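Those sequence lines, one after another, are chains E and L. Converting from the first sequence to this note's numbering requires adding 25 to each position, the first position being numbered 1. Converting from the second sequence to this note's numbering requires adding 297 to each position, the first position being numbered 1.
Everything labelled a hint here was simulated from the structure, so no lab data went into it. Only a predicted model underlies this, so the values are computations on that prediction, with no experimental measurement involved. Hints should not be assumed to be uniformly reliable.
To be verified - One side of the interface only, derived from the structure: several residues of chain L facing chain E at Cβ under 7 angstroms:
hint, residue
1, R488
2, S489
3, I496
4, A497
5, S500
6, G567
7, R568
The beta-carbon is built from N, C-alpha and C at its ideal position, and this holds for glycine as well.
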Amino acid sequence: MPAATPIISMRGISKRFGGVTALQEVDLDVCPGEVLAIVGDNGAGKSTLIKILTGVYQPTEGAIEMDGQALSMNSHSEAIELGIDAVYQTLALADHLDPAANMFLGSELTKSFLGFRYLDNGRMRVEAERVLLERLGVRLRSMDVPTESLSGGQRQAVAIARAVYHSDLRVLVMDEPTAALGPQETARTLKLIEVLREEGLAIVLISHSLDDVFAISDRIQVMRRGRRVDVVHTRQTSRQEVLGLIVGAAEAA
Amino acid sequence: MPVSAPKGLQERLDPYLAIIGPMVMILMILAFMGVAEPARYFRLSNLNIILLEAALYMPLAMAMTFVITQRGIDLSIGSVAALTGIIMAFAIKEFGFPAWIAVLLGIAIGGIFGLINGLVITKFRVPDLIGTLAMDLVYRGFALVLAKGLVLARFPDLITDIGRGRLPGFLPIPVIIGILAFLIGAFILRRSWFGRYSIAIGSNPEAAEMTGIAVDRYKVYAYVLMGAMAGLAGVMLTGKLNAIQATSAPYFNLHVIAAVVVGGTSLFGGRAYMLGSFAGVLLLSMMINALVTLRIEFFWQSVASGVVIILSVAFYTWLQKKDRDGAKGLLNAFTTPDNIKLMKLGGVLAAGTVVLLVIGSLFSTGSVPSG
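Can you make the complete structure from the sequences, with help from the hints?
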């Protein structure tokens, strides 16, 4: 079982866009070394919730605590500085750049010559190769090709490597990581997530695939219509129960 | 070092893709001119003319490579060059500025015009095509207002040296400036944040935004560089002709875009080839020089530039297409339902035009002199 003290706790989060209430009084806790899956139908508020967690949106009401300290983030880059990052479904890769350039996009390594700083492509390449191999156990077909020529799983590994390169990364949000992948690559991605969990990261996984959720998660948070319906331990529940919670059948019955 | 898998042909070819296109066309021009007009085309003095012509476009093509890589375009560079040339000329002639100050002033003011372009595009959210086209009118208008139809001529030696001077026993000075611009451009593209982010922005603007790149700021940088290089081109043009007027540099924009695109830099963003742009500039200058050598009218140059743009974009798009299955020969391509409809439309238009021509000639009353 994961450590009992949550690294992140969100309390009473509400978010309104004009007249539309996307989230209402939602709580979320995630502990280090744990995979928390968030499931729910389309429009249940999953994406809004993680966008608040990653600093993209600011909550209308509610508070976020990290290690018991109140947290306020005004942008995604502030969240990254605090050690909260996300891997998006679209991966946010620049397909024409090589994998190393993508991995360091926005935080390039540099060297300087006579006080003049420029990009250190060689070191970025070596570091990228090292991080991919050591932390994710992935070896790319080639480090010199444009990222677009890699397979879906390898592209994903690059995107994940970008997030985990920051050594102070503590919370990783993964938005539909397996949605565009085939069975083999899905399995490989799930293995990656396991590796990251072993390293003590807190992982928030959003997925429509209950197969993946049951394969990897420790706890499942079910959302419906902007509310948190329930949080269940994966080992003590069943697909039927979770499915019932998602569609609201359990409540009606 | 971990071993990487053996590279495929496509992969090995890719870095050189950019210069293969222009190189093939350059060879074609050389072969054609070797048959048609070898004596006049392959002369040292003619080579000099080609290089001098190309040099003017080199700094422009370098900067345009960044702009196009970011999925942008700048149609105002001709007017910026003319206007900065005129401002520099006024600084020297009316206000007696030292020549070197006037040169730097020209480049700086070009940069300011570029800044204005960039702000129009990023702050007012005017699409780059319309924004720079409109600013083209503005700059050209100011040039006309300032110069009042005058030709400003006879400049200090520094200016003419920049435009057409020559280091003894070596290359002309403008060619050195141009090559230097490309070398710096290649370094910036590969080794600076600006270059890296330009590719990222053109490749995937949303991703660039999400990784925390200040997309708008780097777009403005590209336009400032473009403007400054247009200012430099204005100085070089003034020096080359030892004269400047408001209507100078009319087709700079399309000529430079043609050179960059023929060099393999993608109009759809993300693909930058500095070496290709260099080859593209040389190719266009050789082509235009060939047209002149063959005594073809000047006005055909504009036709040639346009055709080169279309052909090279179409060629590179075709080259990028990975899936070639299903296209079972040319005949099949012509007989898809959509294409048949298009052919019918074309047929109707052609028939209508022919009918109009026939009726017109039936009722013809002989030629009417217009003046």
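Each hint tested on the structure:
Annotation: R488 of chain L was flagged as interfacial toward chain E, and the flag holds, the nearest CB pair being 4 angstroms apart, inside 7 angstroms. Taking 7 angstroms as the C-beta cut-off, the interface hint given for S489 of chain L holds, the closest approach to chain E being about 6 angstroms. Taken as an interface hint, I496 of chain L checks out: its beta carbon lies about 6 angstroms from the nearest beta carbon of chain E, inside 7 angstroms. Residue-level restraint check for A497 of chain L holds (minimum Cβ-Cβ distance to chain E is 4 angstroms; threshold 7 angstroms).
At its closest, the beta carbon of S500 of chain L sits 4 angstroms from a beta carbon of chain E; the interface hint therefore holds under the 7 angstroms criterion. The interface hint given for G567 of chain L holds, since its Cβ lies 4 angstroms from the closest Cβ of chain E, which is under the 7 angstroms cut-off. Because the smallest distance between the Cβ of R568 of chain L and any Cβ of chain E comes to about 6 angstroms, under 7 angstroms, the interface hint for this residue holds.
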